[in-house]
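Line order of the protein sequences matches chains A and B. Residues 1 to 695 (my numbering) make up the first sequence, in order. Residues 1 to 695 (my numbering) make up the second sequence, in order.
Honestly, the hints are just simulated from the structure, not real lab data. Do not rely on the hints blindly, as some may be mistaken.
For identical chains, the list gives no copy identity; a pair is met inside one copy or between any two copies.
To be verified - List time: in silico EDC-like cross-link candidates among lysine to aspartate or glutamate, alpha-carbon distance up to 20 Å: (1) Lys221 <-> Glu179; (2) Lys221 <-> Glu641; (3) Lys61 <-> Asp629; (4) Lys619 <-> Glu179; (5) Lys61 <-> Asp631; (6) Lys61 <-> Glu19; (7) Lys615 <-> Glu179.
2 protein chains.
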Amino acid sequence: MKHLLIAILLLCCLPAFSEDGYRLWLRYDKVQDTKVLKAYKSKIKNVYVPGTSPTAEVLKKELALALKGLLDKDIPFTDNISSGTLVIQVNPLISSPESYEISSNKNSINITGADWPGAMYGMFHFLRLLQTNSGITDLSVTSRPKIKARILNHWDNLDRTIERGYAGFSIWDWHRLPEYIDPRYTDYARANASIGINGTVLTNVNANALMITPMYLEKVKVLADLFRPYNLKVYLTARFSAPIEIGGLKTADPLDPEVRQWWKTKVDEIYKYVPDFGGFVVKANSEGQPGPQNYNRTHADGANMLAEAVAPHNGIVMWRAFVYDSNVPDDRAKQAYSEFKSLDGKFNSNVVIQVKNGPIDFQPREPFHPLFGATSSTPLMMEFQITQEYLGQATHLAFLPVMWKECLQADTYAKGKGSTVAKVIDGTLDNRQFSAIAGVANIGNDRNWTGHLFAQSNWYGYGRLAWDHELSSLDIANEWARMTFTNDNDVVEDISWMMITSHETLVKYMTPLGLHHIMGANHHFGPGPWVAKMSRSDWTSTYYHKADSLGIGFDRTASGSKAIEQYFPDAQKQFNDEKFLLWFNHVSWDYKMKSGQTLWEEICTHYATGVEELKGIQKTWSALSSRIDSDRFRHVTMLLERQRNEAELWRNSCILYFQTFSKRPVPKDIDTGNKPLEYYINIQYPYAPGIRPRW
Amino acid sequence: MKHLLIAILLLCCLPAFSEDGYRLWLRYDKVQDTKVLKAYKSKIKNVYVPGTSPTAEVLKKELALALKGLLDKDIPFTDNISSGTLVIQVNPLISSPESYEISSNKNSINITGADWPGAMYGMFHFLRLLQTNSGITDLSVTSRPKIKARILNHWDNLDRTIERGYAGFSIWDWHRLPEYIDPRYTDYARANASIGINGTVLTNVNANALMITPMYLEKVKVLADLFRPYNLKVYLTARFSAPIEIGGLKTADPLDPEVRQWWKTKVDEIYKYVPDFGGFVVKANSEGQPGPQNYNRTHADGANMLAEAVAPHNGIVMWRAFVYDSNVPDDRAKQAYSEFKSLDGKFNSNVVIQVKNGPIDFQPREPFHPLFGATSSTPLMMEFQITQEYLGQATHLAFLPVMWKECLQADTYAKGKGSTVAKVIDGTLDNRQFSAIAGVANIGNDRNWTGHLFAQSNWYGYGRLAWDHELSSLDIANEWARMTFTNDNDVVEDISWMMITSHETLVKYMTPLGLHHIMGANHHFGPGPWVAKMSRSDWTSTYYHKADSLGIGFDRTASGSKAIEQYFPDAQKQFNDEKFLLWFNHVSWDYKMKSGQTLWEEICTHYATGVEELKGIQKTWSALSSRIDSDRFRHVTMLLERQRNEAELWRNSCILYFQTFSKRPVPKDIDTGNKPLEYYINIQYPYAPGIRPRW
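Could you build the full structure based on these sequences and the hints that come with them?
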């Protein structure tokens, strides 16, 4: 400890320009490879951007900043094309909105957008080529977003706490808005634009009606005006009971004419502040939130009322499928499907149902949600969680695109083989015009935006996949590592390896073999397989793992809850994979695994292997000490050490806890620490971040 | 608005190195005046620091960073003295701890500390000379702190909210400590060391017993270890009921032997983690906090119990005099004096009573606290509030050293003329060895530390005055402006003028002529003279201003609450100044003021003049646009505009409200806006920062 502190003392200080992570992947440091730099300079001598628009202005500003940084040279803007001109323009003949083409010939490089947003995205694509030291001769790129609305969901409260936020507090300083405009808002818009995100929901789905009162709409307007040139549209969350709370009505019944009129008037008012307002996200009748069921109406009744109000303005309603019965169900995994399957076809055309990737709640591994593919007449959008509520929060390195790709590539078999989840949500499976995806943001006011430096890669990766879900996780990891750290190939390889393996490693030391929802209560931090008493049994861990003297796991087969029958028959076969074993089956401790070990031994081995793999990740990182600036090296080093401590907590406590049921010895050579189970059960995190504080 | 937004769009971006205020006054940018730079370079060719210690190490590191920045040149360390050597060393023959001498001759510059902290403070003094472009030939400086314990009080809660915090949330990331050590902690220590602050109370006086459990003490230890080389001692707040809450005892009675033993054992445990732990601050029997009176014991009983526990370790107890009866008193201003005067002489020698500057609560203007000078046998320490709870929070520019000096220079007449408050607290009046001062910190995790860039000057000014209360406010403003902005004399003059006038301007538009405690309820933001219903009447505004058809003001003379009689007779005469008029007197609306106006006209004029003066400050700032970097210029410009809006709210609403009593016309040419009083009364700040959120 003493040595660590001394090392820190020697390293810590205010160097003029510390590597604090604020610049994200938009660093624009000078290209280090002199050959590459020379080639770039010879190809990019000046820039021509004919035409003008607010987006053209921010595009030019970004370009000037980036080229000056990357090429270490002021690149002038001109008004004609000569040798070495980078031309960025709009060609309305390109039909697909937001799309772009990049081509180069001996003379010039041409970035052509279908519209100004497309041109801007094309510019960021081109900058990415430079940032990753890619070749820029003979370019022939065409790109269009596979999904139309690519949205971030902020679970930020008006007091700046963030539900499930682990990177400090909300970047929205509501109290000082509208007069005081934090420069960070602009950098936020730039970062999103650079990865193709085109919408943001500013506040928590557990909504506050104040947000749609004039006092707050004035503040929202400032943000919307600032974001507009970056093609970033503002959405809000609608509190279903707002007509009562701020409208003075007696009811919020969606079929009540007064209520319907109140929402129409309110929506018209919102559009006066924000003419391109995107629409609402609604969490209704879920976890205590009000909703149409309070009035014996359906989710469709509620959604359609709001949809009608925003329709004249081309707004949309994103209605969340994450709902609960007030009665505890036999299997919570079945709930959303049960409620929404029967409503298929009953929603207005500007309603989209927002479905979490899996049927429980953003666990480290879940099968895809059975609603995907199940609603032939209702568009579904994906809700991923970028913030790592169940994946170590801001102290664990876990690269999530790997997990998201697993879901996107899963086959629903809705229209036969190849009916992937990706095709459901991008609209191609059902030939839908509209498509959308949401990611619950991991952004806070921590200097580096995301708490853990590597968590930036999840924001980045979410945006990249939202634009093109066919990108590979490895390519995304590579890009991000190059833009964030260095173009040294061996360093990039090491960092990419750390990222790519990190998710499966985490699954092993947290929830191997299909285990799920066995974390600490409320804050969801650290292990808690022993959590057995909560106000609802489907919030406990024992509800999910069902460990007993015979075995462990949730039987969702025909002999159990039958949840597996919510999937198409061919799709069900995918779940024979051992990685889903305990999700779908209650299995004997002595069940023979493919490895030849018993299930009990296999569980122990997974926990132990997870920790060992993490040590491998630590080792890889340590070896990079001379290749990474000291600020960022130290930041990640400290967090990896914390992660290892926590991974060992998971291993030790889960093995010891499950052993109280299995009554079998832990395979030798597997370390479970030197403390009794009670020690782990007694660990408290009284002020863990991300939950509403209790006073 | 549109123009503003476009201007912002053009200005906002991630320049490689934005002027975000993080570097505080420790910028160390290259000296711009080439003559001065040349002179410095010829005098400082190398550095010799004989001897070693952790403080010597951080001193050397700071010096290397600073000289490289200021002189734009690596200045080598040597191990002997030659021409142009800067020698920094310790000479134990200098008797006063922490003090230093700086001298220079043709050959070398010598900084000699009584100890390593003294040497470090001497170095920061020398760096300040360079930063302000002062001469460094024929130096002959000696300096010693006038007050021994110079402390910051953080009102930070364990969930990172800050009571009365307006610069974001707590910089202490307890959840990720002890493993993750934010580099900001070191920069915090550096900043405090640079202005002579040598102690910090990490958490809120509304204390949490968890803070002294092993889980948190492990985290505290990391901070204490990090701060130690910077001569920054850690103190904690003691929750009086901790023996019950975490000790499992049935009582916290300070005369109970078990309770006394529990505290002794607990304190011994704390010192195992932090061997130089400074001691406790205690808020007891005040605003709902538990204390000795719960057991019919006195404040002395409570304080002495804790004092006994920390005495063997040389710890101290700072016992706050800010207490309330549970019964609402006829005049809250008299409370602390009434309770503590009679306890004079009953406290152990390592107890010091912490007294706020004024008898109410950190108002924009208060007379000094009557306890100062009233306790000949009990040491008192000063509690200033750096965070601007009642002075516009993070949206108003108000340079507080002006206000603090007014208090420090006030004469208590305790031992005849010249018995200033400063002499009471620095110990010279009563020939006391120990002396202390506390400032309630305005630091949060906002990038610029204090929310408002100019609020940095209050942190800075507090530290400078704590070291030497004889420094003038103007000198402090000058120093800070030079170190923070520029050494251009005319710019420094303008900025210093803005700072020096800002406090009186704020008093005029908020609480002129001795008015006090007329702000919004709970959050204390914005005007609220109409606040009349709270759970205690001494929390309302009407309790304090007592406006009625005859006049306005709180009669604290012989005909009223007699609070004035708590002061020595000669001291009372100071309060004849019109600036205290309504603090001590209930005065007729038609009372003739020195100006010849009636009181009513004078009140209106003060409000109006405050706004006009503020517009003058805005104008001065605007004229500096080409002289200040755009980031900081814009930041301050936006906040000044917000401040002007709020000053107008104060003016309009207070004049309209008091007019409902005075029934007299507003003097012509005084603008009160175009809205009725109701409009102002209805303004809400539902999520104003700095109060514990309610759910």
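Verification of the supplied hints:
| no. | hint | verdict |
| --- | --- | --- |
| 1 | Lys221 <-> Glu179 | within (11 Å within a copy, 41 Å between copies) |
| 2 | Lys221 <-> Glu641 | between (43 Å within a copy, 18 Å between copies) |
| 3 | Lys61 <-> Asp629 | between (28 Å within a copy, 18 Å between copies) |
| 4 | Lys619 <-> Glu179 | between (49 Å within a copy, 18 Å between copies) |
| 5 | Lys61 <-> Asp631 | between (29 Å within a copy, 16 Å between copies) |
| 6 | Lys61 <-> Glu19 | between (23 Å within a copy, 18 Å between copies) |
| 7 | Lys615 <-> Glu179 | between (49 Å within a copy, 16 Å between copies) |
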